[in-house]
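Working from the sequences, and respecting the hints, build out all of it.
Those protein sequences? They're chains A and B, same order as listed.
Using the UniProt record's numbering, the letters of the first sequence correspond one by one to residues 1 to 90.
Using the UniProt record's numbering, the letters of the second sequence correspond one by one to residues 1 to 985.
In short, the hints are calculated from the structure, not lab data.
These figures come from a predicted structure and were not determined experimentally.
Be careful, since some hints might not be right.
Quick list of in silico lysine to aspartate or glutamate cross-link-like pairs, EDC-like style, CA-CA up to 20 Å [stated by the list, open to error]:
#: 1; chain 1: B; residue 1: 164; chain 2: A; residue 2: 81
#: 2; chain 1: A; residue 1: 15; chain 2: B; residue 2: 163
#: 3; chain 1: B; residue 1: 982; chain 2: B; residue 2: 768
#: 4; chain 1: A; residue 1: 21; chain 2: A; residue 2: 45
#: 5; chain 1: B; residue 1: 682; chain 2: B; residue 2: 781
#: 6; chain 1: B; residue 1: 682; chain 2: B; residue 2: 766
#: 7; chain 1: B; residue 1: 870; chain 2: A; residue 2: 31
#: 8; chain 1: B; residue 1: 421; chain 2: A; residue 2: 75
#: 9; chain 1: A; residue 1: 21; chain 2: A; residue 2: 75
#: 10; chain 1: B; residue 1: 870; chain 2: A; residue 2: 45
If you only want the chain A side, here are some residues facing chain B, beta carbon under 7 Å, derived [as the list claims (entries may be wrong)]:
#: 11; residue: 2
#: 12; residue: 4
#: 13; residue: 37
#: 14; residue: 72
#: 15; residue: 82
Glycine is no exception: its CB is placed at the ideal position from the N, C-alpha and C atoms.
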Amino acid sequence: MASRVPCPHCGLRPKEEFTIKGAALPRPAPDAGEAAWIEYVYLRENPRGAYDEFWHHTSGCRRWLVVSRNTLTHDVYGARDVALGGETQP
Amino acid sequence: MSSYRLPSGGLVDRAASLAFTFDGKPMQGFAGDTLASALLANGQRLVGRSFKYHRPRGVLTAGAAEPNALVTIGTGGRTEPNTRATMQELYAGLEATSQNRWPSLAFDVGAVNGLLSPFLGAGFYYKTFMWPAGLWEKLYEPFIRKAAGLGRATYEADPDSYEKCWAHCDLLVVGAGVTGLAAALTAARSGARVIVADEHARAGGDLLSTTATLDGLAGPAYADAMLRELASHPEVQVLPRATVFGWYDGGVFGAVERVQKHVAAPDPRRPVERLWRIAARRAVLATGAEERPLVFGGNDIPGVMTAGAMRTYLNRHAVAPGRRAAVFTTNDSGYALAGDLERAGVEVAAVIDSRPDALAFPGLRARVIREAVVSDAHGGREIQAVDVWADGKRERIAVDSLAMAGGFNPVIALACQRGAKPRWSDAHGAFLAPDVDGLSLAGAAAGVTGLAACFESGVRQASAALSDLGFRPTPLATPVVEGDVVPAPAPPLWMIPGVKGKAFVDYQNDVHRADLDLAVREGYGHVELAKRYTTNGMATDQGKLSNVNAIGLLAKARGVSPGEVGTTTFRPFYTPVSFGALTGAHHGKHFQPVRKSPLHDWAARRGAVFVETGLWYRSSWFPRDGETTWRQSVDREVLNVRANVGLCDVSMLGKIEVCGPDAAEFLNRVYCNGFAKLPVGKARYGLMLREDGFIYDDGTTSRLAEDRYFMTTTTAYAAGVMTHLEFCAQALWPELDVRLASVTDQWAQMAVAGPKVREVLQRVVDEDLSNAAFPYLAARDVSLFGGRLRGRLFRISFSGELAYELAVPADYGESVADALMQAGEPFGIQPYGVEALGVLRIEKGHVTHNEINGTVVPADLGFARMVADKPDFVGKRMLSREALVAPGRPQLVGLVPLDPAASFRTGSHVLSKGAAATLENDQGYVTSTAFSPHVGSTIGLALVKNGASRHGEEVLVWNGLRNEMTTARLTSPVFVDPANEKLHA
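Next up, the structure:
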């Protein structure tokens, strides 16, 4: 786990300000098959290494971010605003 | 004063005499003393009893690694057990108490354990107390707990305060000895932001104990000069009494600063301890090295200590270790001590050097015995003699103190806390840590020896870190050092021949050499297994002195190198950190914030009894004179709402404004029922699902304008719903133009309910409130008090009565509530609390999170027809999965006991009549219960298999925990006004 997270709006902030939702997965289309939805709602990869996650800057700007980090080394590669897109900022 | 204090010298202030007590005995020390140095000066060598064998123990070190001299400091709520006397500064009035002895330190009954030691070796728990198993909890464990142990924590509350803070710097220097000061000064002169943390009261490290000079200055004077210059740099912060205990991700270090642990009466305006989180771009670890004890018999007898410690007490505190000392050394460092002892007038009976080729030190009068070892020390509560083996012969030498110089273990714990593995260096005879992730080691922590070389090492590592950061480093010139004994690395001496007595490896946990041999013999020779089998390194000192000796002995026993044995895992904390520091200000009332409704004081004035629900304080009920039980108050409040009118504070409901051109579409996707066609001026009950199809939350949402909605959530889920909506708006559908704002705190909201409510409200609200003009589910901006105030009025009802909710700006809440009470007086208005609110909603069959418990879908609660046929909403796809539409799902029902005098509890299970209480027979469970004054008995809501089609069936309500069985009837969940005539009145 990172000690500080680079919020693209607020800068490097303590992890206690954030809430983690989990894997940054795209939501399937409403008519996607049951398998796709089961996958989206229940199944997670739990990789050893690079991982993209949804983090909410709850006690800050209240924006949802995609945080790219390494579950093994705890390195944080960067974060981007989920809606505004753009490059992941270290 | 005492006989062990030298007449002159040292860094103690002889003008400032400090009185203190040890086990009630009055003693004197000086400012500048630690508790350990003061005890030694008073001739108090016996300081504690050991963990398992209750052996007499004294001061072994002069620092954080101390395993023996653990005492309880203070009284009452300030009682602090297991304080290392070597780290505790002396203050006037300090009260110290020895530990783990009964009835007294000098006469300890537990010492009989020493005689039982054949049965108390490594793994004795596992072998001795196996059978009968029943005796473990009753007899063995309490006995062991009582016999073995450390100090006892107090049950009194800590009267002091603690705080936490962040700090940021370019370079963090851990340790302010010669290395750390050189590194810090290099960085300071280069213009970097620097934090220097040192665990001792006074910075300087070994400079404070050495007799060497630097550029002609004595060590302490040189350290002070460096500190003075550091203080002159505005971007440098020196933290004394601050232990950096952990290295965390992203260059963040944890440190605890003991702000007021060295004073008798802490200033209440300041914390006693401060927890720092230091975000450092680079760090230099200048933590020095611990001197390794030597593992001979009786190496724990009071009077035996490490050579460096003895030198510190002698030179820094002006305390002689005794009258006649011996030095047992494997390297040149023992000679520095021997020379200092002689200069201070202490007789050195012998220097016992394990090396065959030790050089002669000019000027030393003491006899040097080469290629020799101390095999055993003798004595009871104090050392009296040592057995020296040389040339195959044993010689007993009478001494009253013994120094051990077994080489040095660099203090590398911090560098290895994040997974870096130490490697064994034969050249250094020590484990060294790699420089990783912006942290580098310098000085003795990197295996460097000698003041000049350490100085250079500090300058070099700081310069490298600064260059990395883009600074142009300004290296310091190394001072000319004279009189320093620089020990060349010497091979470690693990296994000492001829040992007869107990040779301790881990002093604090009473692990001796034979325990490690036993571990290897029994197949636990792996370093991690040996640790757990023998408990070596598991005490509060975390093996600072013992781990490397244990590794060396395991290596010998297994016939491999120490590097092959390897180390155990390093983890925070480096030294124990108090719960107080970790808690900071977050305790008692400050553990979490308190949320008070804008009507809190209004309710308090009316005598409300409050209940904590999450962070909120909610008014539970409003007792009146003569009411002796809460039920009397609640029944009255319920009946008054049904008969007249009542007012309830519902300000704590979550309130969210949803605005923007796409607000309607947004709501249509977050609720499972339709919101797109909700007309302006209307409220609608909404059900929000999770993506897995289960209900998440409910509430009413009103359309105030074409592009503006006012959503309410349940109190408990207000924050969660807000976060969920933000996720939907930002992550799922960023193309929708919608804005969200939490307005929970902006509005005071009152539910006003009862058949007479319209007359009351009409006296306050300017608009026509007739049923035609303001029908059920109307929701509008309204004018109040003849245009003096605007509010929002919603004709919605949780109680089942004709009811409204009135929201006014929060600051007007109290006045408006008072005005309503005044207006309602002729109609019998009474305030009602959250208890009555609960009874009213159960009577009406309205659900809360008791029913929306994460296992129900809309159809289970009778809301099947609410689920709209629309292209998408959160939970749509998963709601149609097989298990959620299968027959036999639990459905909401009402429940009444057949005997009105009988009752049942929430959580009880429902069984078919006559069925045994088995899992297979389970029909469901009771989700809510209340005494209904309207029905005249207990009533309940329950989730029962196919419950909607079983109204009228007799069932058993079974509570296995309390062994209760009640016969009851399943009913409609609506006990009041099933035709909703009251709502539409």
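Hints violated by the structure (listed by number, smallest first): Violated hints: 1, 10 and 14; rest satisfied.
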